[in-house]
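Protein chains in written order, with our numbering: chain A, 2 to 410; chain B, 13 to 125; chain C, 237 to 1178.
I should point out that these hints are in silico values taken from the structure, not numbers from a laboratory. Just so you know, nobody snuck in bad clues.
A few chain B residues that face chain C, going by a derived Cβ cut-off under 7 Å, partial list only:
#	residue
1	34
2	54
3	69
4	81
5	90
6	99
7	104
Model, not experiment: these values are computed from the prediction. Glycine residues also receive a C-beta, built at the ideal position from the N, C-alpha and C atoms.
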Amino acid sequence: MSQHLLVFPILLPMLTALGLLLMGQVPTTLQRRISIISTALLVVLSGVLLVHANSDIINIYNLGNWQAPFGIVLVLDRLSALMVALTAVLALGCILFASAGDDGRGSNFHGIFQLQLLGLNGAFLTGDLFNLFVFFEILLLASYALLMHGGGKARIGAGLHYVVLNLVGSALFIIALGILYGATGTLNMADMGYRIAQMDEANAALVTAGALLLTVVFSLKAAILPLYFWLPSTYASAPAPVAALFAIMTKVGLYALLRVQTLVFSESPAIVYIDNWLWWGGLATLLLAGIGVLAARDLRTLVAYLVLVSVGTLMSGAGMGHISGTGALLYYLVHTTLIAGALFLLAELIGLQRGKAGTRLVRARKIHQPALLGGMFLVGAVAMAGLPPLAGALGKLLLMQAADSAQRL
Amino acid sequence: MELLFSLVIGVLSASGIYLLLRGRTFSIIVGLALLSYAVNLFLVSTGGLHTHSAAVIGASAAPADPLPQALVLTAIVIGFAMSAFMVILAIRARAELGNDHVDGKQGEEGSTR
Amino acid sequence: MPLLWIPLLTLVGTLVPLLTASRGRLFCTAATAIVPITALALLLSHLPILLDGGTVSQQLSWIPLLGLDLALRVDGLTLLFGLLILGIGSLIIIYAGYYLSSSENDGRFFSYMMLFMTAMLGIVMADNLLLLWLFWELTSVASFLLIGFWGHRSDARRGARMALTVTGAGGLALLAGILLIGHEVGSFALPDVLAAGDQLRQASTYPVIMALVLLGAFTKSAQFPFHFWLPHAMAAPTPVSAYLHSSTMVKAGIFLLARLHPALGDTSLWSISLTLAGLATLVYGAWFALLERDLKGILAFSTVSHLGLVVLLLGLNTPLAIVAALFHILNHALFKATLFMSAGIIDHETGTRDIRRLGALWSLMPITGTLTLMAGAAMAGLPPFNGFLSKEMLLTKALATDLFGGLGSVIPLLVLVGATLSVAYSLRLVYCVFFSPNDNPPEAAHTPHDPPKGMYLPGLMLACLCLLVGLFPMTLAAPLIRTASIAVQGDNAPLFVFALWHGINLPLLMSLFAILGGITLLWRHKNISSLASLLPAPNAPALFEKAVTRLIKASLWITLRLENGSLQRYQALLLLSALGMTALGLSQLETLSGNVAMQPIDGLTLLGASVMMIGAIGSALAHRWRLVSLLMLSMVGLTVSLTFIRFSAPDLAMTQLSVEVASMILLILALFFLPQRPPRWVSSRRIVRDVLLAGSLGLVIAGLNYALLTREVLSISDYFLSNSVPGGGGTNVVNVILVDFRGFDTLGEITVLTLAGLATYKLLNRLRLFKPSGNIEGIRWSRHRYPMILEVVAQIILPLALLVSVYIFLRGHNQPGGGFIAGLITAIALLLQYIARGYEWTSSRLPLSYPVISVIGLVIAVLTGLGSWLFGYPFLTSSFGYFNIPLVGKTELATALLFDLGVYLAVVGATLMILVNLGSVTTAHRPTLKTTEQTASKEGNK
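Modelling step: build the complete structure from the supplied sequences, incorporating the hints.
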């Protein structure tokens, strides 16, 4: 069995989802139990994967027993293992939270949630560019469905923007894929990187066009300036457990960017433009998102902007194009994703206790658990702000220092 | 031939993009359909333009590149799924927001920037 | 004993009060106080080495990647500050045990205090700049908790927020400064940095580094103009003020200046900055201390003033001035802690801190009066108290300085003003509280009296120390100050003598003048306060709040400007980014067309191309006439499928055709429910912009396509062509790729389809749709809902279509066809029944659950993939064989066929799930309440 380890993070949520969907009308408690157990298993599994990945050998799984670059491969290295683990941990928190009642406000919450995990894990593990597109579509469609869970005017309005922008993004993705396939003749990312390195200058310009278009598409998902404007309203209107899970969604974009940046385009002339786009875009996002945090009139919007702050920080880290940048980046990434998720959940709890005022930042009645919720929020805020004694401070330090050594400052 | 093909793709995508920017869900659906025609044609053409040479073994001496075709087939089906979802979303949005403007507002969209 | 134990002990100490809070106040206080006392003992165990001018240090590697070591040191400077932090800290804990009312949560309070103490110890013991910064920020957080301890009071919240904002911003500046130092020196270890003083002073970034570090220090130590947070931090419980503002938090900035003096000090830029800031703060603080009416307010401003004094001394930058600065740090901590404690006692006993309502307490509270008198005299700089000694030294140094050249005499003059004011407000404090007649006493529950021993003893101890240090400075203070001075100045550390009497000289005369002037000011206080009322009084919290409000307003403005909720703008930005980036790539292409010759154009193809282009443009132009636009679109769609045939992609053509039919049905349904004529578009500028954007993006896409088409590319496809039959068992390579080589893609794709079905299910949840009764021209829809011809045709077509789909499905592996296309054909045939007969009729005869069908399809596909595990192959490995089936003959059976069956079912299920669902939510009733939409209301009128 262990030789199939790499495909487990995709098959486990897939089978769980299919089981849940087939069972249809079984009591919600049973659905919850299945979903929670499966997600917990995923956490365990991702732990095993992390151990497995902790070597300098990159693990490959040939789907359909076809060799790369002809078949589709799954690739496990430290980065993808980390992302899968992060997703699993975050998802477990979200599913537990949702099981308190949010899951009952619409149909098939648990099944779609598992499909969302399937899409995320697939996107993290695949080594094939077109397959990445397919998994992007799965995770997007699942996110559309989860976003609209429970309905409501604000969700539909914000969801419409999110959907349309991503549909346009998908069309651009295919164009970029076409250019890259046309110019290199392959779809496997590692093989593509190898062919780009061997390429003459005439075709290299085409690769540059494709690479930059791909960067734009991934930047839309990662939400960096000028492509982040959809995020605050979407995240602020999503159901709390979904918004918390969405904390990982922007990181998918980031992950894809990192992957193509290091694996595919590192030898292409496009890399200079990509790095600069990420660096300046990231810094500008950081700045404007900070302004957005100040301007927020609702706790959930505020947290959404905090997500953007972390996106900006991470993007500028990625834009350093420097190995120390990547190390610092991953450290900060794990930390910020989990904290953002927690803050979304916390904001919901606070809102529930404030009666009509909800999460709007206005004077409202006292909450029942001021010490508990306030204390937790303080911890979250301190962590987000990167103040000691929490790990965020180290992440901030690491990134700033990486920026220094990458001569970006 | 190649130039004509590119021209068609250009016109299709430009029309699609123009429609996307019209701010009405229906126009967006039509625009997305046009754009996806264009990108599918784009993708399939990356294997080159071949005449009478379907990628069936034994049917022709120099079969066309089958890989882009397979990709486009997948893309068409995914595109169908997405546009179906978008159509239902548009109907739902009209029911919720009262009109079919993408921002849920009516009337003054021409003057705002 | 390793140094690490000292901060570790106080860190563990944060738990002690929490664990002992249930055992009663006295126990909790005692248990907590033991911690800093023990830590103090640990610190003092290093005394012998330190008094010899030595340094104790310890290093643990922590995060080497960062250059962040857990490096601690104890030297003279650490000793001086450590004594204050731990010594005064333990006294204040005892005091607080009595101060806090019994309802107060003492466990939490002491825990915060210990956290703060740990952070302060960390700052003074850090031997690594990054570590220092971490603790520095921790003090900001801990002080936020302490100042906001009474979180139910709005002034406490505001004060805490202000302190956190200002010191937090300063912390960020400090971090930047530290990183720059690290960049310059190549290490964050304090010994390396201190040794690299010359290198740093000559660095081109020196002014920036210095400015950033000073920003950090000045915000923390409340130097003008960053002083304003300090008086408002007085909303904290008094023990907190006594601790934070006498000996710890505000001294952290001064500590930093002293610590980095060897690395950054000793330049004229440094001296001038410190001197100016110190002078301004000294005078400013003293002036407002004189005007304050709140007991703690007086102390707060006097703290500001004395901090200015220390900074000024550091700025004067002579060896002896630095000694004086260190000495005054000690002195100020002693008398200020005492004064805060007695302010707390007075507040506690009388219920007010307003000095206009206090007075004549001397006879009622003699002990409190005595200790206040002593500490007040020290603050005023009266002999024989310790404050007198350091003030004398300041006056001497101010007279001796050569800064500012000809304007040098300004310094002693301003110092004299400060000293005079200092005498005045100190005397005023003591006089007004204890000696002046009280006309307006507060209504206290009981007559004020001296508090219990535990409350006044800590203050009394410190007050006595003030006196003793004044009397025996060489025994009590000099060794300590000497080691601290060595730590700061190294070999430059001077020999010095502290003495009360230096003979009659200018500084003594100035002191005398200050005392007389102070008494005069006190006497004429009424005139002064009326003079002050003429001057504009800066209202710091209002200004701060105003600034914050303005910042928030500006942020809101920017945010709303950027994020205006317009999808059209967001799309335009996305498309513009795409345009810019691809154009950037394209621009680097030398020639657009490559080396492959173009193929000739034939007439039929030209016709098809024209139809597509006309259709596309037409559909865009007619976007307001939606039916027309839709017809144009379908024209393009059909021609696209012809194009696929033309360019040898029969599978695509079939797929495109069947998808086209399904989506047209869907679009017509959509059109039915959406307004058919949107309102007119007005802005022509917008249209020009959009045409330009769309046109140029279209041009770039076309250009890229052309560039690709005219270039030769080696692709991996030959492998598929040569392995399709031997490896995949099929001659239709496209299908073999779909179900075998890239079956994983296909699995994902049917997942997307199923998901789309499920998602629409969610969207249509609880939605009722109303059928419009007529079209836009007001013509009513036909009453005959199900046309007869269609009914008949649909019935005939159904079995035929099912047969065709079976055929297409089976031949798919070898000829164009396959599960997708077959599934779509089946779906459309079934759909036709719904259209022809209506939802109720059809669903009663076709009791199929489409979600289940599509999920079963997925299950079959996944299980087929899993089957290969049984044979030890990876997921989705196919196998095939040739079997002799009776009647049929030799037949090829491939697992891929099973996989394709899954695809077929998923496609049928998902397609029908979407379309039938939409039909099912439609009600036949006419709407009763229409939406506000223009067209909708039109329909309602008909």
